[in-house]
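Just need the whole structure built from these sequences, with the hints factored in.
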Amino acid sequence: MSTLALPAAPARWWQNRAVRRFARHRLALIGVVMITFLTFACVAGPWLLPYDSLFIDLRARFSPPLTGQHYLGTDPLGRDIAARLLMAGRISLLVGFCAMVLSTLVGALVGVIAGYRGGWIGAALMRMVDAFLAFPSIFLVLALAALLKPSPIMITVIIALTSWMEVARIVEAEVRSLREREFVQAGRMLGLSRSHIMFREILPNAMGPIIVAATLTVARAILLEAYVSFLGYGIQPPLPSWGNMLNGAQQYLASAPWLAIVPGITITMAVTSFNFIGDGLRDALDVRSDPV
Amino acid sequence: MLVFLLNRLWQSAILLVIVSIIGFTVLNMIPGGPLAQYALDPGMTQADLDRLAEQMGLNRPLPVQYLDWLLRMLQGDWGTSFRDGVPVLQVIQRHLFATLLLMGSSTAIAIAIGTWIGIRGATHRYSIFDYSATIGAMVALSIPTFWFGLVGIYVFSLRLGWVPAGNMYTIGNESVLNYLHHLILPSIVLSLVNVAVWSRYMRSATLDVINQDFVKTARAKGLTERRVLMKHVVGNALLPMITLAGMQLPSILGGALVTETVFTWPGMGRLFLDSLGYSDYPVVMGLLMFSAILTVLGNLIADIVVATVDPRIRVG
Amino acid sequence: MADRKTTNKISRRSALGLMGAAGTAGFLAPNLLGKPAFGATPPDAPTGRIIVGLSQEPTNFNPLMVKIEVDDGVHFSMFDALFRVMPDGEIVPNLAVEVPSQANGGISEDGLEWRVKLRDDVTWHDGAPFTAEDVKFTLELIVNPEFRSWRTAGHTLVREITVVSPTEITWRMEEPFSPYLSFLTETFIVPKHVLEAEADPNTAAFNQAPIGTGAFKWGNRTAGDHISLTANPDYFGEGPYVEQLVFKYIPDVTVLYTQFKSGDVDLLGRMYITPDNYAEAVTLPNRVVKLEPASSVETIYLNLERPVFKELAVREAIYAAIDKELIIEALYYGLPEPVETFMPRTSAYVHTDLPRHEFNLDRARQLLDEAGWVPGADGIRAKDGVRLAFVNSTTSGNHLREQLQQFVQQSLREIGVEMTIENLPAAVIWGDFWTQSQFDSVVVGITYLIGPDPDVTNRFHSSAIIAQGGRGSNNSQYKNARVDELLEEGSSTFDTERRREIYMEVQELVRADLPFLPLFSDNSIRAWKTGIEGVEHNGNTRTETWNAAKWYWAT
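Protein sequence lines, in the order shown, are assigned to chains G, Y and Z. Counting the first sequence from 1 gives a position; my numbering is that position plus 621. Counting the second sequence from 1 gives a position; my numbering is that position plus 989. Counting the third sequence from 1 gives a position; my numbering is that position plus 216.
Careful: at least some of the hints might be erroneous.
[Claimed, not checked] Here are some, though not all, of the chain Z residues that point toward chain G, as calculated from beta-carbon distances under 7 Å: (1) Thr470; (2) Ser612; (3) His615; (4) Glu618; (5) Gln622; (6) Gln626; (7) Ile637; (8) Pro641.
Note that these hints are calculated values from the structure, not bench results. Ideal Cβ placement from N, Cα and C applies to all residues, glycine included.
Here you go:
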C-alpha cells in the first residue's frame, strides 16, 4: 500500500517537494501508518491466529470478545471473528484497491479522450458521464449485483463501473486546459501521433489530480462494498468481507453487539486512512479542488 | 443568456433520455422480474404467470416496452405501480413528505452546525479547534452511514431507551412531539456526513473571502471582527453554499436510502428498495427519473446562478 | 422441549380424529381449548384498537387480483368467501348456508354439477344486499382474460354459471375436481354493483378503497406505513369486537420486535420474532408468546436433471450427511420440528411413519463409495468425469438460511462433496432461475397445499415440469409414473378415505425418491399482548388475521 504514498508518475520537478510536503502532513502519515498496519495484519494475521476463518464450531457460537483465544469473539456459527476480520480485510482491501485501479483507468481513458478530442465525441462522452452521475450509485450497484453473479471480481467490476465518473471529469477538465499549452503544440508540430500526445504528453501532467481522486476512490469503494455486502448482494459466504460480516449483525444487535461493532470500526479505520492520505496528497501535489 | 439557457435545456433533455435508457435496460436485464414473487405460491401455475406477463405487457420486446414507456412519459403519464395499481406520481408523492421531513431536519442541523464549525475553523485557522474539526470531518466521512445508524440504535434505543428504534410516529399518537421524538436519531445520523461536507465548504469559502480587499477595508474601517464576519464573510460565503445546496438536491434519494432502510422510515429511499425488491419497474423508473430530473435541475440552477453572478464565466 | 413435542402429537392426532367426526363438534373443539379459564367475554359494542405488525407491506386490496401472502390479512378481514376453512381443516359455510357434498346433493354423483345455497341476510359495506349475482360476477371476473387475477386453477373448469334465485347458484365443472371446494375458501366474493360500473377492473377505484361484506370496513392507508380498518357493525357473522384493526408495516424484523416490546405493536404473527429472540420473548411481562406449527416445510430442493443428482445414492448420501438435529438445536434454537414429508404437520393427511432421517457421515461415505464416486486429488469425489460438486442458492439476506448453508457446506466437504454458495435477491431467484429449474439446489421453505386440500399435482406430477414444457411448479423435475397415477386419481375423487390412502402412498414414494431433502417444519413464534382474546392459529390459511372478527380486548 506504501506505493500509494510515492507518486508513481515519472520524475518531475515537483516530485521531491511533493514528497517532502507529504511527509510533513501529519494526518497523511497517520493514514499511511494505519493502512500499513491494517494491510500487514490482514496479510500475516490469519497465520498467527489459532483459528481458521472458515472453521465452524456451533458449540462456541456467540462467544463475546476475549473468550479463550477468541480475542474478538465468535459469530453465529461459532467462527472466530478475529480470523474472519483479517481474512475479510484481504478481500475488502483488495476489492477496494482493484476497483480503484479499474475505475481510474476507465475514468482517465474517457477523460483524456473527451478532453483532448472535444467536439461531439467529447460532448457525447461527458453526457455519458453526467448520465451515470445522475443515478443514485446504489441503484446501479444493486441492479448490477442482481444482474451479474456476485463474486469478488464481479463486485470489483461493479464498483468500478459506478465510480469512474469522478476521475473522468477531473481528467477531462485538466486535459482541456492543457490542450493548448506550448508543449502540446510543440508535440503536434513534431508530428507525434494523437495517442502519443494524449497519453504520453498530456496525461502525465494530469497525474496529480488523478492520484488524489484514485486514493479517495479506494475509500469510496471500500464503503460501497461494505454497503452492498451488508445488504446481502455482495461477497457471498463463507468468504468473509467487512461488509458481509455486518450482514445479519443487525438481527443480533441486542444480544451480540460485537458482531456489528468490530467490523464497523475496522471499516471506518481503513476508510479514514485513505481519506487522510488523499488529503495529504492533495496538499502535497498542490491539487486545487473541492476541499472535501 | 437565452441561447445558453436553451442550449442547456436541450442538453438536459438528451441527458434524461440517456438516463432512462440505461435505467430501463439495466432494470429489465435483471433476471427474475415482477412475477417472481408469485412463483412460490402453490396455486399459481405457469399458465397464470404467462397470462399475467401478457396482461402486464411484459412479454413484448424490450425496445417496444421502452418506447411505450417513453411516449407515455412525454405525455405526463408516469405509469402505474405493479404492486398497488396506483399512478407512479401519486406513489412518489405519498412517500415524499417523510423523505423531505428527514432531509429537511438533517440539513437544518448540518447547516447550523456546519456553518459554525466552518467559520470558526477559518477564523481560527490552525488552532486545535480547526485541526479537530478537520480530522472529525474526515472521520465522519469515513464512517459507513448504515453502521453508524446501527450503533446509534444499539446505544440510544436498545441500551438507553431514549429514542425509538425506527419509524416516523407511533400509531394513535400523531402529535408533533411524537414525530420529533422519532426524528432525532435518524436526522442526527444522516446529518453526520452533511455536517462534515458543509463545514469543509464553509471553511474554504470563508477563507476565500476573508483575505479579500473589501473585507480588509471593512476591518480597517474599524468594524468589529464579529460584524465583519457576519456582514461580509458570511454574506459572501453563503452564495456558493446556495449553489452547493442546489447541487445536493439529487442526493435526497441516495442519502435517504441508507438511513431510511436502517430506521424503517417510510420515505422514498425505502420505497425505492422495496420497489426494486419486487421489480416494480414503473415505480423504480419513476424514482430514477425523479432523481435524475432533480440532478439536472440542480446543475442547471447552479449553472444559472454562476452565470448570472459572474458574467465572465461562460458555461459551455 | 419434550413438553411441546407431546402437545403437537396430541393436536395432530386429535385433528385427525375430528376430521372424521362430522360437523359442529370439530368446529367447536379448538375454540373451547382456546378460551381462557376465567372466561372473558367479548364487549357488546366494538371497542379498542389492535395493531398488527407486519414485515411486508400489504399493497393489493382487490382480493381477486394477483397477490402475495401478506395481502391476505386485509382480505380475510374485509371480505367473505362462500366457505371458510377452520384450523382443523374442516370446511364450514361462510356466505353459503351449507357446504355442498355428494351426500347432501350439493355436488352431483359424477362430481360435475355444483349447487350452492347462499345466506339472505348479508349486505355490502355500502348497504346494498349481497346476492347470487355477486357470486356469478366474481367467478366470471376471475377468468376474464383482461383481468389480472390471482390463481385461476379450478375456476377455468367452471361452466354454465346460473343464478337460480338471489340465494342459490349452480354451475357445471368441465371435469370432476375435488380440490375446488378448498379453492373456494380463498375465493373472496366482490360486489357486482360496484365493479360492474368500472371501465377497467385492473385500475378500478374499488382497488384502493374496497367494499366487502366482512367484519371490517376500509378505513384509510398511509402508503409505506399502515392500513387502518374500522368495525362493520352490521356484520352478519360473529364479531367484530374491536373498533379499529391496523396493519402496521415495519420492514425490519429487529425493529418490529423492538416495537412489540415497547408496546407500539399489539400483535405479531408468522416468523416475525426470530428464533434467537424466543427465549427473551417468553419472559416479557404482559405478552402471550406461542409456538404454532408453520405450514411450510424447509427443504433443500434438488434439480434432478443435474448429472450429480440423477443418482438416488448421491441424494441419500447428502441427506445422511446433514446433521439436522444439530442445525435445529443450534441455529434455530431448537424451535422447528424435523420432518420427512412435504405435507404440513397440521394437515389431516400427514404421514407420520415415514423412515426417519439419520445423521451418519460413515453411511454417507459408504453410499458414495458403493455408487462408485471416488475422491479425487482435491478430496472431492468424482465419477465418470463428473465432479461431485454443486451450487446452492437461497434468497440473499436471509441470515438463518445463510448460516444453514455454511454449516451444510462444511459437513458435505467431509464426505467429499463440494457445495458452493451463490445467493440471489428474492426477485431474481424466484424468477426463471426457480420456475425454469436453472438451479442446482436451493434452500427454500415451501407451502405445498392450497388451503387444506392435499392435492400436490402441481409440485410432483411429471406434467408440471415447466423446464420440460409442463405447466406447474415441479421445479425439481421429479418424475415417477406411480406418483403421476396416484395424483390423477386423487384430484378426481371425492372419497375421503380413498384420498387418504392415495396421499399416504405419495408421501412414501416422495420420501424414498428424495426429489428434495426435507429438513424441518418451523414453529413460528406468535405473540400478542395479554388481554387480546380470540387469537387462533390456522395453518390452512396464509394469515394470522383470518379470524380478526373474533378478537377482542378482555376487560
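To see whether the hints hold, each was checked on the structure:
Using the Cβ-Cβ criterion of 7 Å, the hint placing Z/Thr470 at the interface with chain G is satisfied: the shortest such distance is roughly 6 Å. Because the smallest distance between the Cβ of Z/Ser612 and any Cβ of chain G comes to about 4 Å, under 7 Å, the interface hint for this residue holds. Taking 7 Å as the C-beta cut-off, the interface hint given for Z/His615 holds, the closest approach to chain G being about 4 Å. Checking Z/Glu618 against chain G by beta carbon gives a least distance of about 5 Å; that is within 7 Å, so the hint holds.
Checking Z/Gln622 against chain G by beta carbon gives a least distance of about 5 Å; that is within 7 Å, so the hint holds. At a threshold of 7 Å, the smallest CB-CB gap from Z/Gln626 to chain G is about 5 Å, leaving the interface hint in force. Of the supplied interface hints, the one on Z/Ile637 holds, with its beta-carbon coming within about 5 Å of a beta-carbon of chain G, less than 7 Å. The interface hint given for Z/Pro641 holds, since its Cβ lies 5 Å from the closest Cβ of chain G, which is under the 7 Å cut-off.
Checked against the numbered hints above, the structure breaks none of them.
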